[in-house]
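Undergrad: All chains should be built: construct the whole structure from the sequences, respecting the hints.
One letter stands for each residue in the lines below.
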Amino acid sequence: MDEKLFEYAPAPESRSVVDIKPAYGLFIDGEWVDGSGEDRNKTIDPSNEEPLAEIAVATAEDVDRAVAAARRAHEKVWGPMPGRERAKYLYRIARIIQERSRELAVLESIDNGKPIRESRDVDVPLVAAHFFYYAGWADKLGHAGFGANPRSLGVAGQVIPWNFPLMMLAWKIAPALATGNTVVLKPAETTPLTALLFAEICQQAELPNGVVNIVTGAGGTGRLLVGHDGIDKVAFTGSTEVGKEIARAVAGTRKRLTLELGGKAANIVFDDAPLDQAVEGIVNAIFFNQGHVCCAGSRLLVQESVAGELLDRLKRRMATLRVGDPLDKNTDIGAINSGEQLAKIRELADSGEDEGAERWSPPCELPQRGFWFAPTVFTGVAQSHRIAREEIFGPVLSVLTFRTPDEAIEKANNTPYGLSAGVWTEKGSRILWAAERLRAGVVWANTFNKFDPASPFGGYKESGFGREGGRHGLEAYLDV
Amino acid sequence: MPTGAELRAFLHGLPGVDQVGADERAARLGARSIKTTAKARAIDLAISMVDLTTLEGADTAGKVRALCAKAVRPDPAQPDAPKVGAVCVYPDLVEVAVDALQGSGIGVASVATAFPAGRAPLEAKLADTRAAVAAGASEIDMVIDRGAFLAGDYLKVHEEIVETRRACGDAHLKVILETGELRTYDNVRRASWLAMRAGADFIKTSTGKISPAATLPVTMIMLEAVRDFRDATGRTVGVKPAGGIRTTKDAIKYLVMVNEVAGPDWLTPDLFRLGASSLLNDLLMQRRKLATGVYSGPDHFTLD
Chain A
0 MDEKLFEYAP APESRSVVDI KPAYGLFIDG EWVDGSGEDR NKTIDPSNEE
50 PLAEIAVATA EDVDRAVAAA RRAHEKVWGP MPGRERAKYL YRIARIIQER
100 SRELAVLESI DNGKPIRESR DVDVPLVAAH FFYYAGWADK LGHAGFGANP
150 RSLGVAGQVI PWNFPLMMLA WKIAPALATG NTVVLKPAET TPLTALLFAE
200 ICQQAELPNG VVNIVTGAGG TGRLLVGHDG IDKVAFTGST EVGKEIARAV
250 AGTRKRLTLE LGGKAANIVF DDAPLDQAVE GIVNAIFFNQ GHVCCAGSRL
300 LVQESVAGEL LDRLKRRMAT LRVGDPLDKN TDIGAINSGE QLAKIRELAD
350 SGEDEGAERW SPPCELPQRG FWFAPTVFTG VAQSHRIARE EIFGPVLSVL
400 TFRTPDEAIE KANNTPYGLS AGVWTEKGSR ILWAAERLRA GVVWANTFNK
450 FDPASPFGGY KESGFGREGG RHGLEAYLDV
Chain B
0 MPTGAELRAF LHGLPGVDQV GADERAARLG ARSIKTTAKA RAIDLAISMV
50 DLTTLEGADT AGKVRALCAK AVRPDPAQPD APKVGAVCVY PDLVEVAVDA
100 LQGSGIGVAS VATAFPAGRA PLEAKLADTR AAVAAGASEI DMVIDRGAFL
150 AGDYLKVHEE IVETRRACGD AHLKVILETG ELRTYDNVRR ASWLAMRAGA
200 DFIKTSTGKI SPAATLPVTM IMLEAVRDFR DATGRTVGVK PAGGIRTTKD
250 AIKYLVMVNE VAGPDWLTPD LFRLGASSLL NDLLMQRRKL ATGVYSGPDH
300 FTLD
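Chains as they are written, first to last, in numbering that gives the first Met the number 0: chain A, 0 to 479; chain B, 0 to 303.
Mixed in with the good hints there might be a few duds.
[To be verified] Mimicking DSS-like on lysine-lysine, the simulated pairs with C-alpha atoms at most 25 Å apart in a straight line are:
| # | chain 1 | residue 1 | chain 2 | residue 2 |
| --- | --- | --- | --- | --- |
| 1 | B | 248 | B | 82 |
| 2 | A | 460 | A | 449 |
| 3 | A | 328 | B | 248 |
| 4 | B | 34 | A | 328 |
| 5 | A | 328 | B | 288 |
| 6 | B | 208 | B | 62 |
[What the hints assert, rightly or not] FRET-style restraints, in silico, Cβ to Cβ:
| # | chain 1 | residue 1 | chain 2 | residue 2 | range |
| --- | --- | --- | --- | --- | --- |
| 7 | B | 209 | A | 428 | 33 to 39 Å |
| 8 | A | 428 | B | 103 | 57 to 63 Å |
| 9 | B | 231 | A | 135 | 49 to 55 Å |
| 10 | A | 413 | B | 230 | 48 to 54 Å |
| 11 | A | 307 | B | 267 | 29 to 35 Å |
| 12 | B | 18 | A | 404 | 22 to 28 Å |
| 13 | A | 362 | B | 9 | 34 to 40 Å |
Please keep in mind that the hints were generated in silico from the structure rather than gathered at the bench.
C-beta atoms are modelled at their ideal positions from N, C-alpha and C, and glycine is treated no differently.
TA: Shown next as structure tokens:
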């Protein structure tokens, strides 16, 4: 039968639900204000490199104003407000996110490059769920195990990455607000648009002025925020390199710090694994969100006795991945978020070839414009190769093999990172055995990249410290 | 012929199926968005794959003749609509159907082997099969002995399929697993391999008499089985989900699954069928909607 017989026709989600303004200011004290500086960033659509909007770059003066507004709001309104009242605002925000979910999903895909299937089915539902979940805690903090009446910290300075712009915002803002803190948040340079739409949602929810402030900009603005004397808490998600810089900047100050950094997660497939589901799990572990996932299963550790069969299945499956227009509902892999990130992925992938690993990608046509990288798997990878040690943050999988369960655990733990890990086996006792030994904040069994607001998330070693999500996530924002 | 112990070792040595993961994958495939030209092609393909079925105690020669007329010309208003894959009836009505379909190129499938329960002596099952073949059935839809399968007597199931295969002669053999009674996905995978090893030309989900009948995850596991069986043996076996597929949307989900799990090789009525009755009119309605831009009411499509 003709292979083209069942070629899926384009099924694009409409862009008309979003209204992108030509330029955006800063959201400070409940209002839109122009930045005090002249500098502007352009945010672009990574799938075609078209400019989307001009974004203000917040200066020291702007950050000052935002922190001052947050301080006032904490002292006068949000801090003293009973938890049950704070909860109402959080519930309201959660409901508005659900009501405007399509708009948020489309905007996220346009600004970030991720497929609409993911922004629609994963990101935005999890964002709403996170606000609902922490709304529920706001009036029950006395029962969270941190004393009878735990106090908020004050003003939180939060810096978030570009891979899950809205979801990282929710992970930061929802627990901070539920516990009575106010926030100044800096979204990533390349993906500010959904955070700015979230500011609009705060207005729509009639959140008191100054409780949430959004300052845009690049690394410079982030440094100003993290180094500001007026904040009590720094929360950062991003690269280990920047995380270390922040830890140095914050050391010796009164500021509390939580860091959620990079990863090089091992996804371990034992010979008794459910192979077809393991293949899906591998795909979901490394190709979800173009591999721009700090907890991505970027190192596949497969038992040598099933390696050949598993890789055959994986390659066949990879050939059905659809790379292209992020707004097409059938797209599985969207655009790489920036030219800079694409260069980094290329550099590391090339090093894999140079160091002797075997590179494979399914035949796939990449669009001419925009930033694209085909899903790639490296076999014959050794622990000493760069692609087995360094975080690539792209759709590139390194495959290593092991002979015995002990060897699998040793190899999995042999990394400076420790954010997540996966275990694939039909044997329940082996799952528990492995989970006990893996030095990773999250261990997934027979699944991967599953998130839930009730489940704490965070790292070991150079993947950071502090937990986000669940009851544990409250601790980072309470004076305990 | 393998021994019972060999069969058991083989079937229990197949990789397991993780139910949560399988359900998730099936749901995700079901979320593909098939529009415009792709939808039009999918509808025609689905029509050509329909095994138009009547399996009622109340079936008569008149009812079967009417069904056959519908099979040949599904939509009188749209003569370019493809004809269906086959007509599926009980053995005693095969002759009527063969007569009615003379020269149409549409085959007659007959259920057999004491359908639907399969609770009869082997001799009775084989007689049932031979009668259907003698009356002109080109395809036989047999049921496996679920009791024997669940009791672990794989050899008995295997032998019955082999015997029925022999009784079929040149007719194609579809083996109904009745997945709604096997319950677990591990059982579905094992039963699929058992049937294929015993000589099935097709593996089929359900009789349509048990709920749940065909589901997307069960069909996916069977598609994985035929794909892996071809890799292992070189022989290509078809898949037929049956029962509970009523809408075009459902049918397209199945085609997407065939395309992405087993591969485009299976996108032909020779290797994929949809056992259904009411599905056909929904396919025709959607087909006319695509052609004309407006929906015609159900009265614009013939009942049979």
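Undergrad: Do the alpha carbons of residue 328/A and residue 288/B lie within 25 Å of each other, as the hint requires?
TA: holds, 22 Å
Undergrad: Using the beta carbons of residue 231/B and residue 135/A, state whether their distance is inside 49 to 55 Å or not.
TA: holds, 52 Å
Undergrad: Residue 460/A and residue 449/A: Cα distance at most 25 Å?
TA: holds, 22 Å
Undergrad: Given a hinted range of 33 to 39 Å, is it respected by the beta-carbon distance of residue 209/B and residue 428/A?
TA: holds, 35 Å
Undergrad: CA of residue 248/B to CA of residue 82/B, is that 25 Å or under?
TA: Since the Cα atoms of residue 248/B and residue 82/B sit roughly 20 Å apart, the hinted pair holds (cutoff 25 Å).
Undergrad: Under the criterion that the straight-line Cα-Cα distance not exceed 25 Å, is the pair residue 208/B, residue 62/B satisfied?
TA: Judged against 25 Å, a Cα distance of about 19 Å means the pair holds.
Undergrad: Check the following: the C-beta atoms of residue 18/B and residue 404/A are separated by a distance inside 22 to 28 Å.
TA: holds, 24 Å
Undergrad: Taking the beta carbons of residue 413/A and residue 230/B, is their distance inside 48 to 54 Å?
TA: violated, 35 Å
Undergrad: Run the distance test for residue 328/A versus residue 248/B: straight-line Cα separation, threshold 25 Å.
TA: Answer holds: residue 328/A to residue 248/B is near 16 Å, not above 25 Å.
Undergrad: Please check whether residue 362/A and residue 9/B have a Cβ separation lying inside 34 to 40 Å.
TA: Holds - the Cβ-Cβ distance for residue 362/A and residue 9/B, about 35 Å, lies within 34 to 40 Å.
Undergrad: Is the hinted pair residue 34/B and residue 328/A satisfied, with a Cα-Cα distance of at most 25 Å?
TA: holds, 11 Å
Undergrad: Determine whether the Cβ-Cβ distance between residue 428/A and residue 103/B falls within the hinted range of 57 to 63 Å.
TA: For residue 428/A and residue 103/B the Cβ distance comes to about 59 Å; the hint holds.
Of the hints listed earlier, the one the structure fails to meet is number 10.
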